[in-house]
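Chains as they are written, first to last, in this note's numbering: chain A, 1 to 147; chain B, 1 to 147; chain C, 1 to 147; chain D, 1 to 147.
Hints may be right or wrong, so weigh each one.
Using 25 Å as the maximum straight-line C-alpha spacing, the simulated DSS-like pairs for lysine-lysine come out as follows [said to hold, decoys possible]: (1) Lys126/C - Lys139/D; (2) Lys107/D - Lys126/B; (3) Lys94/A - Lys94/B; (4) Lys126/D - Lys94/D; (5) Lys94/C - Lys126/C; (6) Lys107/D - Lys107/C; (7) Lys126/A - Lys107/B; (8) Lys126/C - Lys126/A; (9) Lys94/C - Lys126/D; (10) Lys94/A - Lys107/B; (11) Lys107/A - Lys107/B; (12) Lys107/C - Lys126/D.
It should be emphasised that the hints constitute simulated quantities derived from the structure, not laboratory data.
Number of protein chains: 4
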Amino acid sequence: MKKTNTMNNRFVMPRRVEFADTDMAGIVHFAAFFRYMETAEHELFRSLGLTLVDMERDPHLGWPRVSCGFDFIRPLRFGDDFEVHIGVANISEKSVAYEVEVVREGKTIARGHSTSACCEVGTGIKVRSVPIPAEARGKLQQYLVRK
Amino acid sequence: MKKTNTMNNRFVMPRRVEFADTDMAGIVHFAAFFRYMETAEHELFRSLGLTLVDMERDPHLGWPRVSCGFDFIRPLRFGDDFEVHIGVANISEKSVAYEVEVVREGKTIARGHSTSACCEVGTGIKVRSVPIPAEARGKLQQYLVRK
Amino acid sequence: MKKTNTMNNRFVMPRRVEFADTDMAGIVHFAAFFRYMETAEHELFRSLGLTLVDMERDPHLGWPRVSCGFDFIRPLRFGDDFEVHIGVANISEKSVAYEVEVVREGKTIARGHSTSACCEVGTGIKVRSVPIPAEARGKLQQYLVRK
Amino acid sequence: MKKTNTMNNRFVMPRRVEFADTDMAGIVHFAAFFRYMETAEHELFRSLGLTLVDMERDPHLGWPRVSCGFDFIRPLRFGDDFEVHIGVANISEKSVAYEVEVVREGKTIARGHSTSACCEVGTGIKVRSVPIPAEARGKLQQYLVRK
């Protein structure tokens with residue numbers, strides 16, 4: 001997957017609508033946008049040499065979602081090529097907030113936001129938020145959206 | 001599925017977490033909550049004798065999502081029994097806004113909101129918002145959340 | 001969820017098609033049938049007082065799929081009420097084979113099969129098949145399909 | 001997406017496991033393999049200048065699944081890069097059978113098969129199989145697996 005940093009510090013993930021993403025209204029089902037957003041968040045991490053699920057650490061470190069939402073402006077359809085533009089809106093002690101824009105042929109399809117908390121996770125483990133490791137904190141600054 | 005109207009005009013949909021709803025963090029994947037919310041919206045419609053996809057009408061009438069979001073407070077896990085409480089927050093000329101609370105054993109798991117616009121839909125058809133039919137408008141009042 | 005044992009030892013799970021299960025062809029997306037089958041398998045376990053993911057044991061015990069398939073005969077559509085009939089076709093030392101029939105208004109919608117192996121599982125753990133515990137083996141006999 | 005034709009006439013689709021593809025067993029959920037297979041089928045069509053959902057035609061032409069299955073050999077995990085190799089096993093008057101192999105670092109992860117029938121489809125339309133158009137038939141020969 002090619003990735004481009006746009007002028008305003010966004011990470012860009014290209015993607016194509018798959019058949020399973022559609023519903024009987026003939027357009028992309030709204031829940032698919034949340035998967036697109038999540039994958040863009042993971043690819044942003046990956047581009048920084050970070051991982052969203054640190055298996056080396058015990059208990060494992062993950063980033064469960066605290067809140068998220070989308071405003072839907074135009075529909076996407078089967079086979080459409082589009083881009084997810086994602087930037088870091090804010091970094092606090094234990095969580096990161098993202099801004100997302102889904103774009104097709106230069107037009108905004110949807111605008112989303114998401115906040116994930118750095119947590120200890122794992123099957124059978126009580127989810128507990130912990131401070132963001134210094135390395136991740138430093139690297140994530142690279143995609144901090146310029147206001 | 002049994003359904004109960006609580007005192008504050010909410011429609012209640014019981015549900016159990018399925019294995020496919022979980023992710024490798026050992027909890028329900030956040031995108032599953034949007035499916036839960038949507039199905040609760042459909043069951044609310046159904047309880048009123050309404051359908052969310054009117055196939056009799058040509059072009060078909062559907063309710064694409066305009067915006068939606070969730071705040072996640074506690075995790076859900078495989079096999080958990082929970083309830084989705086949904087009420088109508090607002091009805092405008094062409095759209096309906098819902099309030100949702102996901103509840104397990106009396107504790108709030110997540111709070112969501114969603115707005116759907118009444119639209120002409122269908123494969124190969126340009127999505128276009130239209131006024132909400134009078135029957136639907138009248139019946140939806142029944143779940144209008146008392147403030 | 002009400003459950004009925006039919007004469008031929010099948011466990012029966014009633015279900016309704018949800019909007020997110022459909023695709024732009026206006027019918028239930030084929031991959032949804034595999035989720036239906038899996039949930040029926042879990043409900044069968046549950047009806048026997050068994051769990052498909054034993055978290056008490058360390059490492060955890062799970063039942064990853066070894067093989068599965070479906071033949072699709074008639075389409076399902078949004079809002080359709082249907083049943084998944086599931087029986088145990090065979091129990092070997094480390095795996096269980098199931099037979100599934102998806103039924104709507106007395107007509108066969110699809111026929112499926114699935115084999116799961118009893119395995120040690122968990123995030124960061126190498127999946128390894130182990131003998132089926134005696135209790136599970138005994139109880140699963142109850143749904144052995146009479147030939 | 002880069003695509004390579006291997007010596008034995010397979011179309012190859014590279015892909016990376018997304019977080020939403022995993023389940024609480026810490027591996028890719030088995031139903032995700034069916035989405036991978038379907039997307040590979042669509043990309044194969046696309047590489048031939050064909051579309052799986054012909055919207056120009058009225059009623060629309062689609063390819064509902066008649067049967068499909070998978071044998072799972074090794075697990076896939078979050079972030080894994082893998083390939084779906086897909087070839088045409090057989091072309092009959094109204095349907096096409098595919099052979100699929102999911103490969104990671106030269107090792108077989110899973111083997112699948114799928115048969116789709118050429119059908120008239122659409123919301124509110126009775127699904128009916130029709131002969132495969134001559135152009136599609138001719139082009140699909142290109143990926144006919146050499147035995």
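Here is how each hint holds up against the structure:
no., hint, verdict
1, Lys126/C - Lys139/D, "violated (43 Å)"
2, Lys107/D - Lys126/B, "violated (45 Å)"
3, Lys94/A - Lys94/B, "violated (40 Å)"
4, Lys126/D - Lys94/D, "holds (17 Å)"
5, Lys94/C - Lys126/C, "holds (17 Å)"
6, Lys107/D - Lys107/C, "violated (41 Å)"
7, Lys126/A - Lys107/B, "holds (16 Å)"
8, Lys126/C - Lys126/A, "holds (22 Å)"
9, Lys94/C - Lys126/D, "violated (43 Å)"
10, Lys94/A - Lys107/B, "holds (24 Å)"
11, Lys107/A - Lys107/B, "violated (41 Å)"
12, Lys107/C - Lys126/D, "holds (16 Å)"
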